[in-house]
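There are 2 protein chains.
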Amino acid sequence: MEKPLNVAVIGGNACGPKAVARARRCAPDARITIIEQGEDVSTATCGLPYYVSGAIGNQASLVARKPDFFREVMNVEVLTRTKALAIEPKAHKIEVIDLATNQASTLDYDKLVLATGSTPVVPNIKGKDLKGVFTLTKIKDAITIRDLISWDGIKSATIIGAGLIGLEMAEAFVSRGLEVTIVEALDWVLPTLLDFEMAAYVGRHVQKKGVELVLGQLVMRFEGDEDGRVHKVITKDTEWETHLVLLAVGAKPNTELARGAGLTIGLAGGIAVDEYLQTSDPDIYAGGDCVENVNRVTQQKMLAPLGSTANKHGRVIGTNVAGGLEAFPGVFGTAIAKVFDCNVGRIGLNELQAREAGFDVVTCLVPGNEHATYYPNSREILVKLVAEKSSGRLLGGQVVGAGETAKRIDVLATALAFGATVDELANLDLAYAPPYNSALDPLHHAANVIRNKRSGYARALTPMEVKNKIERGDNFILLDVRSPGEWESRRIEVPQAKLVPLGELRKKLGTLPKDAEIVIICQASVRAYQAQRILDGADFRNVKFMDGSIAAWPYNISGTR
Amino acid sequence: MEKPLNVAVIGGNACGPKAVARARRCAPDARITIIEQGEDVSTATCGLPYYVSGAIGNQASLVARKPDFFREVMNVEVLTRTKALAIEPKAHKIEVIDLATNQASTLDYDKLVLATGSTPVVPNIKGKDLKGVFTLTKIKDAITIRDLISWDGIKSATIIGAGLIGLEMAEAFVSRGLEVTIVEALDWVLPTLLDFEMAAYVGRHVQKKGVELVLGQLVMRFEGDEDGRVHKVITKDTEWETHLVLLAVGAKPNTELARGAGLTIGLAGGIAVDEYLQTSDPDIYAGGDCVENVNRVTQQKMLAPLGSTANKHGRVIGTNVAGGLEAFPGVFGTAIAKVFDCNVGRIGLNELQAREAGFDVVTCLVPGNEHATYYPNSREILVKLVAEKSSGRLLGGQVVGAGETAKRIDVLATALAFGATVDELANLDLAYAPPYNSALDPLHHAANVIRNKRSGYARALTPMEVKNKIERGDNFILLDVRSPGEWESRRIEVPQAKLVPLGELRKKLGTLPKDAEIVIICQASVRAYQAQRILDGADFRNVKFMDGSIAAWPYNISGTR
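For the record, the sequence lines run as chains B and S.
For the first sequence, the residue numbers in my numbering are -18 to 542.
For the second sequence, the residue numbers in my numbering are -18 to 542.
Take the hints with a grain of salt, since some may be wrong.
Because identical chains cannot be distinguished in the list, a pair is counted as satisfied if it fits within a single copy or across any two copies.
Unchecked claim - Straight-line C-alpha distance at most 30 Å; calculated DSS-like pairs for lysine-lysine:
| # | residue 1 | residue 2 |
| --- | --- | --- |
| 1 | 488 | 47 |
| 2 | 370 | 489 |
| 3 | 47 | 525 |
| 4 | 479 | 47 |
| 5 | 190 | 136 |
| 6 | 488 | -16 |
| 7 | 495 | -16 |
| 8 | 495 | 450 |
| 9 | 190 | 448 |
| 10 | 370 | 47 |
| 11 | 489 | -16 |
| 12 | 495 | 448 |
| 13 | 64 | 47 |
| 14 | 47 | 489 |
| 15 | -16 | 525 |
| 16 | 136 | 64 |
Hint data in this document are derived by calculation from the structure and do not stem from the laboratory.
Full structure from sequences and hints, please.
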C-alpha cells in the first residue's frame, strides 16, 4: 500500500485551518498536521475591536473551532503552543519546538503550507516599550486592553494610525467612555484607502463623535510616569496626556521561515506565490497574510492581509496540496469598516492610485440615499467611482455614509471581476423595492454621471479644483441653484457665490453673462447638472458643475489639534 | 432655421418622465410634450403598500415631481388629465381628449414614446364588482383602502394572489390590525418567482405573522351584503367572512394604443421593441411596463413591470429619440420584497424555470448568516443557487430570510450580467468585516457547494427527494450528525432517523452498515457534507447529504385553511 500523503500546515488561523479542512475533504487518507504557536486555532481576530468595545461579550465566541474539532472530526494532528523554527526544503523537514516543554523535534512533510500570518508594525518611536503601549493582533491583546479600561479606570487613549484598525478601535474606545485622539502621519484618515474628499467625509464623522484627529503629524516620543506607564504623547507641534496608546500603523507579513528556507520573497514584501499559491518551492504552498496577491486591476503585486482572502487561499491550497489544480484569481483591495455610524467601503484603485498607475481617469462624486427617500429612514451615502476615460472601464470605487455601503462595494467587487464598464454598470438589473433601493441605485446614477462626462454632456470640477479657484480669487460665478431655504441653511460663503434657484433659471438667463466662467452647485449635483444643460442650451460658453455639490463639500474641517 | 425636434411622450410615470428628462438634457432645443391621464406625473406607485400601512404618512411624498417642475425646469409641456385615444403613425399624429373638458384635439410628433404602463388583471370572479373589492395601482386606490381601514372599522381583508404585491399588502393590512387571508391558485407563495422550498420558508414566516394561507385553491365567488359590500369569500372547499378584498393576481401591459396603431405586439403580450427600445415603427419608442424585455439568461422575451426597469428604459429612450444610439441589454427578472421581517429576493431562473428552459441544472440550498455569527444580531438567510451542470454557469438565485438579502441578489445580478460561473462567484473579493459579512459570504459557500457537487465530492438529495423517500418508506438511514441537544429541540421524526454526532462519527463507523443508503443531515449542511466525506473515506458506498438540512426543511407547514 502506498504511503499516505503527508501534509503539514504552519499557522492555525484563517488560511491554515481552511486549508486543513479542505485538504481533509479532498484527501480522506492524508496525514495532516497543523502547527500553531498560540494556544488556540481558528481565532476570529477581526472581531477583536468588538471584544474591546463590549459588542462581543464573551471571549470564547472569538474561537471558531476548538483543537478537538480538528482532531475528532477532521482527523488532523493539532500541535498548539508549538513554534516552527526552520524548514529544510530539500529534506522536506520542519524543525519545531514545543513552547511548553522547550523540547525540539523534527517533522517531515510531503506538502507544506505556510500560513504564518502577519505582525503589526511597531514604529520606532521613543517610549514604544512603555507599559500601556499596545498593538492589537491576538485575543490576549484585546483582553489586556479591555481589562485595563474596565479595571484601571483609565480615561483617555491615543491611537497611532488612522487606518481601518485605528478607526475601528476609536469607536471601541469611545464606546467605553474614553477620550480618544488619533494621530496620522498622512493628511487624511484611511490615507491608503480613500481619496481626500471621501476621507474628509469620514473624518468629519469621527470628529463629530468626539475623536480628536491629529493629521499630518508624526509622534516624536511617548513619555512615561514613574511606574513606566505611558502618560504623554509628544508630536512636533503639540503634546497631550494619555493613558493608553494603540499602535495601528499596519502589519507586515511573517516571512522569516520562508526566507530561512530560501523561498522567494516578492517586491511587496510577502512570500511570492503563483496563481496556484505555490511558492518558489513546488512542495511548499503559502496563503493568508504572509503572501503577496495580484491586484486584478493593475496586475501588480500587493499585500492584502484580510480574513476573507485568507479563507479563499485556504480552500485553493487545500485543493492543490491534495493533488487538485485550482487557481486564485487575485484581489481588488476590497475593504470595509464600521466607523461609528458611518459605513466605509472601498475597492480597486482610488483616484490617486489610478493616476499613479498611469491611467487617464474620469471620476464622479455622487451623494445619494440607500433606498427610496419616501420610504422611512433612508440614510445618506456618498459614492465616488474611478473609471478609465478612454474605455469607460471601471477601475475602483469608494462608498461612505450612514446608509448601506457594503452592498454597493460588493456590486463593484463583482463588476470589477469582469472588467465592467460604466455602461454595463448603469444597466445592471439590481433589486428594487422601496425598502431596499431607489428605482435607480446610487451606483447607476454614478455610472451615468461618468457616462455623461465621457459623452461630453456633463462637465465638472472637483471640490478641490473649486477650492483652489476660490483661494486664488479667480473671476468666476459659483452659481447655487438650490432653493433660498437651502441657501440660508448652509452654503459656500464666498464673493463668487450667487443664488438662482433652478426653477427660475430659464427666466433669469439674462442676469448671467454668457462668457463668464460659471461653476454650478446644488445639494447633490443633480440640479447642478440640469442647470449646466440649460445654460449649454442657451449658448453659455464656459459652464461646469461641481462634483458632489454641497453634500460632498469636504472642507470646513479643523484637521489639527 | 431648422424646425426643432418634436417629441411626444404618452404616460407620466417612471419611464415617461425619465425619457423626458433625458431627452431634454440631450436635446436642449426640442419641443417635448408629456401626456398623462391622471392628475399627477411621477408618482411613486411602488410606495403604495407603505402608504396603506402608514409607514409613509403623507400622500404628497408619493409624488416625486410636480408638473411645474417639468414645465419650468425642463421646459416641457405637461398635459395631465389628458387621454391619448389613437395614434396615426403615418401622419405622425396623436388624437387626445382633455378629460376635464371632453375637448378632443390632435397633436403631432416627430418621435413618439409610449410609456403607457400596465393595468392590474381583474380575474373574472363573480362578485368582483362589489364594493370593497379593489386593485392597487394608483394613489387613489391606496387612499381609498387606507381610509376604509381607518374610518370604516373593518376587521379583515382577503388578498387574491400571493405574489409580490399580495405579500407586501398582507404586511400592510396586518400592521393596520386586520385579520388577513391570502388565496393563491398555485401551490405555494410567490409561485412564479420562487421554488417550492424557498417559498415554504416565506410561507411559514407569513403564517407566523398571523396570515391565513389558502394555497392551491381558486375563489369561486365573492358575496355581498345588502349594501352591495363584499362580506364573504367562497372557494371550492371553504368560505369565510371578509370586509375587504384586494385583487393582486398580476398586471397586463397597456397595449391598446399600440395595437390600434398597428405596432407589433410580442408573444409575451407586451409591445415588441428592439434593443434600442424602438417599436416596429421607427419613429415610435416604447418602454416601462407596456413592453416586453429580453431575459438575459434565456434570450426569450418576458414581461418585467418594475420601476427600476422603467427608469433605465426611460434613459435609453431619451437618448435615442434625441438622435443618440443606446442599447438596453435586457433583464434578469430580479425581484425583491419585504415580507414582514423576511427579505425575499430572487433573480434569473429558478430551478423549475431552468429545467423548463432545457438546462441540465445543479442546485444548492445553503442556510447562512448575514454577517459573522460572533458579531451581534447576525440574522439568518437561506440561499439557493441554480447553475448549469456542464459549464458551472450561474443561471439564477434565490435568497430569503431576516438577514440582508438585497446585497446577495445584487451581487448575483452583477455576476449574471457577465455570465459568471460558480468558480468565479466563489472567488469574488467581497467586502469583509464582522459587522457586514463572514470571511466567506454565504454566496461563496453556496458557489462552493455547487463546485463540490460538480467535482463529485459532494452528493446531495433535495428535501423533496428525502420527503418522497420517507413517504415511500424506503429502506435508508437518515443520519443526523448534530449534537444531542439539537436533536432534542427539533428533528425529523421518522423511523429512518438515527443520531450520531459528528464528533463521534469516526469512532462509531462500525455501527453503520457500509452498503446501506445513508442520507446525512445536520443544521445547515456543513457538518453533513463533512460527514459524507468521512464516510466516503471509510468506503461507504451510498452516502449523500440533504441540501439545506434542518434549517431549510420546508415541511410541517399547514398549507390549507
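Each hint tested on the structure:
| no. | hint | verdict |
| --- | --- | --- |
| 1 | 488 <-> 47 | between (73 Å within a copy, 18 Å between copies) |
| 2 | 370 <-> 489 | neither (35 Å within a copy, 64 Å between copies) |
| 3 | 47 <-> 525 | between (61 Å within a copy, 26 Å between copies) |
| 4 | 479 <-> 47 | between (66 Å within a copy, 26 Å between copies) |
| 5 | 190 <-> 136 | within (16 Å within a copy, 47 Å between copies) |
| 6 | 488 <-> -16 | between (89 Å within a copy, 23 Å between copies) |
| 7 | 495 <-> -16 | between (86 Å within a copy, 24 Å between copies) |
| 8 | 495 <-> 450 | within (19 Å within a copy, 80 Å between copies) |
| 9 | 190 <-> 448 | within (26 Å within a copy, 55 Å between copies) |
| 10 | 370 <-> 47 | neither (51 Å within a copy, 36 Å between copies) |
| 11 | 489 <-> -16 | between (88 Å within a copy, 25 Å between copies) |
| 12 | 495 <-> 448 | within (23 Å within a copy, 76 Å between copies) |
| 13 | 64 <-> 47 | within (19 Å within a copy, 71 Å between copies) |
| 14 | 47 <-> 489 | between (73 Å within a copy, 21 Å between copies) |
| 15 | -16 <-> 525 | between (73 Å within a copy, 28 Å between copies) |
| 16 | 136 <-> 64 | neither (38 Å within a copy, 71 Å between copies) |
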